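Student: Here is what each chain is made of, one letter per residue.
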Amino acid sequence: MDARIGVVTFPGTLDDVDAARAVRLAGAYAVSLWHADAELHEVDAVILPGGFSYGDYLRAGAIASFAPVMRSVREAAQRGMPVLGICNGFQILCEAGLLPGALTRNAHLRFLCRDVWLRVENVDTAWTGSYRAEQEILIPLKSGDGRYVADQHTLAELERERRVVFRYRDPAPNGSAHDIAGIASPNGRVVGLMPHPEHAIESATGPSTDGLGVISSVLTTLLAA
Amino acid sequence: MARVSVDVMPKPEILDPQGQAVAGALPRLGFSGVREVRQGKRFELEVDDTVDDTVLHRIAATLLANPVIEDWRVTRLSDQP
Numbered sequence: 002m003d004a005r006i007g008v009v010t011f012p013g014t015l016d017d018v019d020a021a022r023a024v025r026l027a028g029a030y031a032v033s034l035w036h037a038d039a040e041l042h043e044v045d046a047v048i049l050p051g052g053f054s055y056g057d058y059l060r061a062g063a064i065a066s067f068a069p070v071m072r073s074v075r076e077a078a079q080r081g082m083p084v085l086g087i088c089n090g091f092q093i094l095c096e097a098g099l100l101p102g103a104l105t106r107n108a109h110l111r112f113l114c115r116d117v118w119l120r121v122e123n124v125d126t127a128w129t130g131s132y133r134a135e136q137e138i139l140i141p142l143k144s145g146d147g148r149y150v151a152d153q154h155t156l157a158e159l160e161r162e163r164r165v166v167f168r169y170r171d172p173a174p175n176g177s178a179h180d181i182a183g184i185a186s187p188n189g190r191v192v193g194l195m196p197h198p199e200h201a202i203e204s205a206t207g208p209s210t211d212g213l214g215v216i217s218s219v220l221t222t223l224l225a226a
Numbered sequence: 014m015a016r017v018s019v020d021v022m023p024k025p026e027i028l029d030p031q032g033q034a035v036a037g038a039l040p041r042l043g044f045s046g047v048r049e050v051r052q053g054k055r056f057e058l059e060v061d062d063t064v065d066d067t068v069l070h071r072i073a074a075t076l077l078a079n080p081v082i083e084d085w086r087v088t089r090l091s092d093q094p
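Keeping their order, the protein sequence lines are chains A and B. Numbers in the working numbering are just positions in the first sequence, counted from 1, shifted up by 1. Numbers in the working numbering are just positions in the second sequence, counted from 1, shifted up by 13.
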């Protein structure tokens, strides 16, 4: 049976269609989830895609983190369900307390839209097992609030526990602490990153097909369970 | 009824590029002597008498501010509507 991967749509989500397409291309079944519906429809994993949920009012991801579907996502994550947050989804995971730290306005205030090289620094998470250790991947970044911040204690803990999953290979264009592009929960099941793997799945539309590895990784994770 | 303000500011150690941009614009407009600008936001709430300071701080910590990056101050503006 094909794995069922849920893709959540909030008001203002932009990249749910691309995320669902990436799921299908990787060979899984994409299930649309709705922010106001707490039902997860028997999915095996959840993706929170990018966009501007609730217009980024208050803070990016703040309002979405209280949506009914997020209560269910939080409970499922606590039971070990793999959850991936991309861009706005990463911001939502931080606001929801499922990942530590916060994402703030880019240094220099510019909205950045460019392809960036990332280094995959931990291939033991639910979403990165298909990559080689230290593999460099080319993925689009498009965000205005992508500068990762956390207190020194949290940053030290993330480094010590190898929970920095993706790091900008070159100095972070948005000023992220420790050049962090993506992090994981302590058990490696919840991962968030600012760049968009779902936009790098086909050579016709993306800078590479490197992003597909994120989805194929979770399929392997689910198969092994 | 009471009017309450909640002032939310980025923590001192958090880079505030918006405040820096404002500070950078001032000399260009002929205003000298401003050493630093920090930009935050202010909420004004009208609350029932049942809403005490403990609840207000919970509201601030839960929604109005992100305690990871922001501090806040609750001020009662008046007890008259």
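I should point out that these hints are in silico values taken from the structure, not numbers from a laboratory. Computed from a predicted model, the values in this text were never measured in an experiment. Heads up, some of the hints might be wrong.
What the hints assert, rightly or not - Which residues of chain A face chain B? A partial, calculated answer using Cβ under 10 Å:
(1) Ile64
(2) Cys95
(3) Ala108
(4) Leu113
(5) Arg115
(6) Thr210
(7) Thr221
To be verified - Calculated pairs, BS3-like style, for lysine-lysine (alpha carbon to alpha carbon, straight line, at most 30 Å):
(8) B/Lys54 - B/Lys24
(9) B/Lys54 - A/Lys143
(10) A/Lys143 - B/Lys24
Stated by the list, open to error - To be clear about the criterion: a stretch of chain B counts as covered by chain A if any three or more of its residues have a C-beta under 8 Å from a C-beta of chain A, and this derived list gives those stretches:
(11) 40-51
(12) 57-70
Positions of the beta carbon are idealized from the N, C-alpha and C atoms, including for glycine.
Student: Are the Cα positions of lysine 143 of chain A and lysine 24 of chain B separated by 30 Å at most?
Tutor: holds (26 Å)
Student: Holds or violated: alanine 108 of chain A as interface residue toward chain B, Cβ cutoff 10 Å?
Tutor: Alanine 108 of chain A check passes; min Cβ-Cβ to chain B is 6 Å, inside 10 Å.
Student: Compare the distance between the alpha carbons of lysine 54 of chain B and lysine 143 of chain A with 30 Å, and conclude whether the hinted pair is satisfied.
Tutor: Holds, because 25 Å separates the two Cα atoms, which is no more than 30 Å.
Student: Using 10 Å as the Cβ threshold, decide whether leucine 113 of chain A counts as touching chain B.
Tutor: Since the shortest Cβ distance to chain B is 13 Å, the answer is violated.
Student: The stretch 57-70 of chain B covered by chain A? Criterion: 3 or more residues, Cβ-Cβ distance below 8 Å.
Tutor: Check failed, 0 qualifying residues.
Student: Given arginine 115 of chain A was flagged as interface, is its beta-carbon under 10 Å from a beta-carbon of chain B?
Tutor: violated (18 Å)
Student: Grab the minimum C-beta distance from cysteine 95 of chain A to chain B and call the hint holds if it beats 10 Å, violated otherwise.
Tutor: holds (8 Å)
Student: Checking C-beta pairs, does the stretch 40-51 of chain B have three or more residues closer than 8 Å to chain A?
Tutor: violated (count 0)
Student: A closest beta-carbon separation below 10 Å is what the hint needs, so does threonine 221 of chain A meet it against chain B?
Tutor: With Cβ-Cβ at 33 Å, over 10 Å, it is violated.
Student: Against chain B, run the beta carbon of isoleucine 64 of chain A and see if the smallest gap drops under 10 Å.
Tutor: At about 9 Å, which falls below the 10 Å cut-off, the nearest Cβ of chain B leaves the hint on isoleucine 64 of chain A intact, so it holds.
Student: Does lysine 54 of chain B pair with lysine 24 of chain B here, judged by a C-alpha cut-off of 30 Å?
Tutor: holds (13 Å)
Student: Given threonine 210 of chain A as an interface hint, is the shortest Cβ-Cβ distance to chain B below 10 Å?
Tutor: violated (34 Å)
Hints 4, 5, 6, 7, 11 and 12 from the earlier list are contradicted by this structure; the remaining hints agree with it.
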